[in-house]
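Undergrad: To convert, note that position 79 of the sequence shown is 79 in my numbering; the numbers rise steadily by one, no gaps.
Bear in mind the hints are in silico, worked out from the structure with no lab data behind them. Where hints are given, some of them may not hold.
What the hints assert, rightly or not - The calculated lysine-lysine pairs, modelled on BS3-like cross-linking and capped at a C-alpha distance of 30 Å, are:
#, residue 1, residue 2
1, Lys86, Lys64
2, Lys30, Lys64
3, Lys43, Lys86
4, Lys43, Lys64
Stated by the list, open to error - Label-pair restraints from in silico Cβ distances:
#, residue 1, residue 2, range
5, Asp72, Gln109, 18 to 24 Å
6, Asp61, Phe29, 31 to 37 Å
7, Pro14, Pro41, 28 to 34 Å
8, Ser84, Ser7, 30 to 36 Å
9, Gln75, Thr114, 28 to 34 Å
10, Ala74, Gly8, 15 to 21 Å
11, Gln39, Arg66, 16 to 22 Å
12, Thr103, Gly8, 24 to 30 Å
13, Gln81, Val5, 14 to 20 Å
14, Gly104, Gln13, 35 to 41 Å
15, Gly26, Asp61, 31 to 37 Å
16, Pro102, Arg66, 17 to 23 Å
Glycine included, C-beta positions come from ideal geometry on N, C-alpha and C.
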Amino acid sequence: QVQLVESGGGLVQPGGSLRLSCAASGNIFKINTLGWYRQAPGKQRELVADITRSGRINYADSVKGRFTISRDSAQNTVSLQMNSLKPEDTAVYYCYASTIFPTGDYWGQGTQVTVSS
Numbered sequence: 001q002v003q004l005v006e007s008g009g010g011l012v013q014p015g016g017s018l019r020l021s022c023a024a025s026g027n028i029f030k031i032n033t034l035g036w037y038r039q040a041p042g043k044q045r046e047l048v049a050d051i052t053r054s055g056r057i058n059y060a061d062s063v064k065g066r067f068t069i070s071r072d073s074a075q076n077t078v079s080l081q082m083n084s085l086k087p088e089d090t091a092v093y094y095c096y097a098s099t100i101f102p103t104g105d106y107w108g109q110g111t112q113v114t115v116s117s
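I would like the entire structure built from these sequences, with the hints used as guidance.
TA: Below you can see the structure in the form of structure tokens.
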């Protein structure tokens, strides 16, 4: 089992920045991928960015060049630095972890990000 706790959401003006963090606990040594998804009202949950244990990173096209995902060397914390935020980035952001041996998917409780003037 893996537990995920997010922090760092809030209200920011367009063009501003926020940093999200997610701390994993439990069987952290089985975690392969850590990442962030988001879900806006009336829309499906979508991948924002993820990073594997080996450091391979994947970004959604809509956030490339604006968001940066990072993972600490202990492999139990993932952060998302969000710059140049736009109103369309408004959503609930969920931390995500996938494990191997056995395979499993885990989600945080979500944190609200609102971009508005």
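Undergrad: Could you run down the list of hints and mark each one as holding or not?
TA: Do the hints match the structure? See the list:
| no. | hint | verdict |
| --- | --- | --- |
| 1 | Lys86 / Lys64 | holds, 13 Å |
| 2 | Lys30 / Lys64 | holds, 28 Å |
| 3 | Lys43 / Lys86 | holds, 17 Å |
| 4 | Lys43 / Lys64 | holds, 20 Å |
| 5 | Asp72 / Gln109: 18 to 24 Å | holds, 21 Å |
| 6 | Asp61 / Phe29: 31 to 37 Å | holds, 32 Å |
| 7 | Pro14 / Pro41: 28 to 34 Å | violated, 18 Å |
| 8 | Ser84 / Ser7: 30 to 36 Å | violated, 21 Å |
| 9 | Gln75 / Thr114: 28 to 34 Å | holds, 30 Å |
| 10 | Ala74 / Gly8: 15 to 21 Å | holds, 19 Å |
| 11 | Gln39 / Arg66: 16 to 22 Å | holds, 19 Å |
| 12 | Thr103 / Gly8: 24 to 30 Å | holds, 28 Å |
| 13 | Gln81 / Val5: 14 to 20 Å | holds, 18 Å |
| 14 | Gly104 / Gln13: 35 to 41 Å | holds, 38 Å |
| 15 | Gly26 / Asp61: 31 to 37 Å | holds, 32 Å |
| 16 | Pro102 / Arg66: 17 to 23 Å | violated, 35 Å |
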